[in-house]
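K.L.:
Please model the complete structure; the sequences and the hints are all you need to start from.
First residue of the sequence shown? That's 75 in our numbering, and the numbers climb one at a time after it.
Please note that the accuracy of each hint is not assured.
[Claimed, not checked] Now the in silico label distances, taken between C-beta atoms and shown as ranges:
#	residue 1	residue 2	range
1	Arg85	Leu143	21 to 29 Å
2	Pro145	Ser122	22 to 30 Å
3	Arg142	Val106	43 to 51 Å
4	Gly114	Ala92	22 to 30 Å
5	Ala124	Glu97	29 to 37 Å
6	Ala87	Lys137	34 to 42 Å
7	Asp141	Gly120	38 to 46 Å
Keep in mind that the hints were calculated from the coordinates and are not lab data.
All values derive from a computational prediction rather than experimental measurement.
Note that the Cβ used here is the ideal one computed from N, Cα and C, for glycine as well.
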Amino acid sequence: CEAVVDAIIGRLADAIVAGDRVELRGFGSFTVVETRARMGRNPRSGASVAVEAKAKLVFKTGKDMRDRLNPKATAPRAMTPSTRPSKLSARSACTSSRPATT
Numbered sequence: 075c076e077a078v079v080d081a082i083i084g085r086l087a088d089a090i091v092a093g094d095r096v097e098l099r100g101f102g103s104f105t106v107v108e109t110r111a112r113m114g115r116n117p118r119s120g121a122s123v124a125v126e127a128k129a130k131l132v133f134k135t136g137k138d139m140r141d142r143l144n145p146k147a148t149a150p151r152a153m154t155p156s157t158r159p160s161k162l163s164a165r166s167a168c169t170s171s172r173p174a175t176t
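P.N.:
Take a look at the structure:
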């Protein structure tokens, strides 16, 4: 299971590095945005600093995920098992049935 997760993440990373937009339907999409070079400021000394152009990874939440996070109901959102953050990551969920090895 861990090998499958690693393979999927590897393919997603390869596509993102190649400049492709990666969409996970209902969840969101990843895109690369190029930032321009600019003049910044060192917060400690106040001196001007040249900041190079760079690529940033941007995640945009999909409509289905936004709707799940922000239901239209007028009552405050209660933390139910379906909305409570999971303590398990995808990897630990795959390996949780196997005995731990140290």
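K.L.:
Run every hint past the structure and note whether it holds.
P.N.:
To see whether the hints hold, each was checked on the structure:
Distance hint for arginine 85 and leucine 143: a CB-CB separation of about 26 Å, consistent with the stated range 21 to 29 Å. Distance hint for proline 145 and serine 122: a CB-CB separation of about 47 Å, inconsistent with the stated range 22 to 30 Å. In this structure, arginine 142 and valine 106 break the distance hint of 43 to 51 Å, their C-beta atoms being roughly 26 Å apart. Between glycine 114 and alanine 92 the beta carbons are some 29 Å apart, a value that agrees with the proposed interval 22 to 30 Å.
Between alanine 124 and glutamate 97 the beta carbon distance is about 35 Å. The supplied range of 29 to 37 Å therefore holds. Checked against the hint of 34 to 42 Å, the pair alanine 87 and lysine 137 fails, with Cβ atoms roughly 25 Å apart. A C-beta distance of roughly 45 Å is found between aspartate 141 and glycine 120, which places it inside the suggested range of 38 to 46 Å.
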